[in-house]
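2 protein chains.
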Amino acid sequence: MKPYRLNQLELNTALQKKAREMNQDKMHLKHLVSAPNRLSNYSAKGGGLFLDYSRQRLDDQTMQLLIDAADKLNLTAKFQQMSQGALINKTENRAVLHTATRSFSSTPIYVDGHDIMPDMQNVRNAVKTFCNRVHNGEIKGCTGKAFRHAVVVGIGGSYLGAEFISTALAAYANKAIRIHYLANVDIHNFGAVADAIDPETTLWIIISKSYTTAETTANKNQAIELMKDKGLEPSKHIVTVTSKGSPGDDPGDPVLATFYMYDFIGGRYSVTSAVGAAPLSIYLGNETFERFLKGAEQMDLHAAQAPAHANLPLIAALISVWNTDYLGYRHNAIIPYCSALQKLAPHIQQLNMESNGKGADIQGQMLDTPAGTVIFGEPGANAQHSFFQLAHQGQAFPIDFIGVLNPQYTQYQSCSKGVTNHQELWANMIAQAKVLAIGKDSEDKTRYFSGNRPSSTLVLDDLSPENVGRLLSFYEARTVFEGFAWGVNSFDQFGVELGKIAAADLRRQMADKNQDPDHYFEASDPIAKMYLEMLFEGKI
Amino acid sequence: MKPYRLNQLELNTALQKKAREMNQDKMHLKHLVSAPNRLSNYSAKGGGLFLDYSRQRLDDQTMQLLIDAADKLNLTAKFQQMSQGALINKTENRAVLHTATRSFSSTPIYVDGHDIMPDMQNVRNAVKTFCNRVHNGEIKGCTGKAFRHAVVVGIGGSYLGAEFISTALAAYANKAIRIHYLANVDIHNFGAVADAIDPETTLWIIISKSYTTAETTANKNQAIELMKDKGLEPSKHIVTVTSKGSPGDDPGDPVLATFYMYDFIGGRYSVTSAVGAAPLSIYLGNETFERFLKGAEQMDLHAAQAPAHANLPLIAALISVWNTDYLGYRHNAIIPYCSALQKLAPHIQQLNMESNGKGADIQGQMLDTPAGTVIFGEPGANAQHSFFQLAHQGQAFPIDFIGVLNPQYTQYQSCSKGVTNHQELWANMIAQAKVLAIGKDSEDKTRYFSGNRPSSTLVLDDLSPENVGRLLSFYEARTVFEGFAWGVNSFDQFGVELGKIAAADLRRQMADKNQDPDHYFEASDPIAKMYLEMLFEGKI
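Chains as they are written, first to last, in our numbering: chain A, 1 to 540; chain B, 1 to 540.
Mixed in with the good hints, there may be bad ones.
As the list claims (entries may be wrong) - Derived EDC-like pairs: lysine to aspartate or glutamate, alpha-carbon spacing no greater than 16 Å straight-line:
1. Lys417(B) with Asp505(A)
2. Lys90(A) with Asp195(B)
3. Lys45(B) with Asp444(B)
4. Lys175(A) with Asp444(B)
Claimed, not checked - Per label pair, the in silico range of CB-to-CB distance:
5. Ala196(B) with Glu537(A): 37 to 45 Å
6. Lys2(A) with Ser414(B): 19 to 27 Å
7. His309(B) with Gln24(A): 29 to 37 Å
8. Lys30(A) with Glu533(B): 54 to 62 Å
9. Asp25(A) with Thr13(B): 30 to 38 Å
10. Ser414(B) with Ser210(A): 56 to 64 Å
11. Ala176(A) with Glu497(B): 17 to 25 Å
12. Gln413(A) with Gly137(B): 44 to 52 Å
13. Asn23(B) with Ala176(A): 55 to 63 Å
14. Gly328(A) with Asp441(B): 24 to 32 Å
15. Arg148(B) with His309(A): 51 to 59 Å
16. Gln24(A) with Ser210(B): 39 to 47 Å
17. Arg148(B) with Gln413(A): 58 to 66 Å
In short, the hints are calculated from the structure, not lab data. Even glycine gets a Cβ: it sits at the ideal position worked out from N, Cα and C.
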């Protein structure tokens, strides 16, 4: 069989050898970064972003091996096939077409002989029309009041992307409508949202592909109860984002509008589909949302077309696999020096860990070491005052620094110590990447910095909708390229199924007890039994 | 020299042997958890909380070895010495007395011959008096309007704890006053806060021990500019929380009130000191804040007094060290099945990683492997729909599940599939811990679950202020015990210093350029030079 994973290639041995070599003193980052033209040789501009990987533990040979691997595995061709509708989600026999949701091209894309591009366009138009009618007051709540709150009811992929983008672009928001997220089935989440809204002026956006997600159904039912309690008509306060023909698309149970989801767009890749379009167009306005799509499209085209050595998400993916499989790092921090990007890390945590955290490859072969890496992060400079002590002197992990050149709030120019706040922020970001790489010797070992701690830096001109779209697409494409290199299916998630089955069993036992207070819990699992009893008892 | 680290003890060899044994099939968690009385033997109640560690990869011998290690290292005695004022922060020659901030005991605690308990009481009284006067309208802004917004200006330890507690206890908040956090020097953070407040009714709480923290100073200066722009008198809108005699405690620069910080309370342990007392008493009311303190005090006493085998934070610490040093796990997730605890993980991330992420031990000896572990987490059930795919089928990591038996919003009792939302939440939590441990075989390897993935479960009766105090103290004590076992100083943070020095150098270059647009940046570090140029150019 033709190799389909990086570690099946002949050059795998050379990469392993290279990794051992990288542990030699002469290969310490403090030496690597001082080579002439290090930055220009280890950075690239493309798709509207700038990526500096000069502080990654790489030399020319390593880069060449990784680029060769990308060529031999046809990674760019695979990305193109994905974008053109190939059924690359093999375990579910589906195409993977999140890129189509933001394509403004007129080229058809066929799935099972059907051109899906008109469907994509129809969804965009339907959302646009609906949002414009909400914004101009044509569509109102059942008591005739304009909508002032939008509650997004959805979990995982039906939540994290919209939260990330709405936080990043809050400065562009239509101030008339506040947005709230109801993801967790924890009644605390519902209670807090219920306290913050006015039901008469609230639009509920229920997002679930199957419309049977347990958490979303439970929250939707609470919302309906609340509306009924207040004498409101739920059908005049709900829109659904779901699959055609799901229980959320039932003419017998009418709602204000239904926007369709398609099985070729996975939840974690869905923020540019109706899943993000509905809440974000309501909150930000459709024009801002389309600018965001256009940025994502630009990076998609870069990912599909740029040669490997100049392809930002591909380079980032190769480095990630190198760091994980060869250098042995187990996690990757994402540190945007930008408060508005505070929800980037939680979104990418889902996108990347759910896509690539796999034990078997796409052919169903167990991997010797599972693929994927743990992603976590908080904004800088905050993180410096939180967990960066460990980043400098504890176990090392690669970091993605993200900088934004021009601040959104340009009116605050007063200086402390001769610099603006924005400059202070940048001084810190530049400094961190530098000293993590270089380190510092010291006789006093509590003040010794080993250095050699890798990072990349990604730079955006500003936090425009287009740049946020580019950033999203960069991380999506990086995740996809990593999955291709690891040889896993980045689009299924069978690992979440077992817990759902076990929860259903426990739910049944709770429901029985709710019906019959004398019901005894099954003793087959004594630990679960104790927790069921403790929950119904209500004390530890 | 007497052993002062777990891995210096003779029983270290036995633990290493045990760890190898745990990799045998017969020691898989699916077998361990089915032993009779597994739960009762591997759980404990104390300090008001319940800890279940039955799904940790431990057997009786391992537990005995760990308890023996705790005895030989005198961990409980060390905790008592800490609470009584011993100078255990050796590198800085300081006592460590966060426990004193919530002690309601009349026993004196001497530091350098001075009883510090009256100081603790004075701070509590001063905050209480001030907050009551704000709440009853005696203290108002300079235009005579009552305060409606409190902005907490502080970073790291002067921010994360208050954010965690104010989010956890938001249901108790005084609805008249909204709280905002201004931590990041990113002007976006300031801009967003400035947009959300009304300066006339805003109280700024500036928190910095030295009152020279670069980020906090820059933000404070922006706040003062804003007030001056609006014609307001800053001295009537500011309180400071700082060290006696710092620039924030300057009679020449008066403010509404100053509450003192002490050098024997580290930032990350300071939320029960004035650092948390000021914002939380304003936001939650002083009565709620004191209930929170009393819960913390109860767990402190448990940590200091309970025998090792029944001491919750000590057991949790021993398991953490076992998982990290012997079983080789590199991170620990914190998954509260409780939306209100959404800021627990970011707080513990700082508390634990900054405390124990160390390369050298307390005697200045380099460690073979750095101490500490990466902490991350999001609330469940959300996390199940985010990164739990990797938790089930990717690389394994230990998880702390946290459950709350009684929900805060008891009015929402309607059922979906026969259960309330709160029960659905619990069904999921119980299910996750179970299937992670047990796994499931499958011919189809994409649906194969290896299991043997460890977790603990911590249970709270409800989300009362007392229980949130107990939870905080549990994690603080666990962190301290871990540090004792690793033999590191959990109270210094020299690892953050190098970055500050490098940032100061870059700041100077930026300030020079601000003064003189023709200024050329130093070429000694070409990478930093490029970023300086890019920032001033304003485009990639």
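task: Quick one: which hint numbers does this structure break? Sort them smallest to largest.
output: 2, 3, 4, 6, 7, 8, 10, 11, 12, 17
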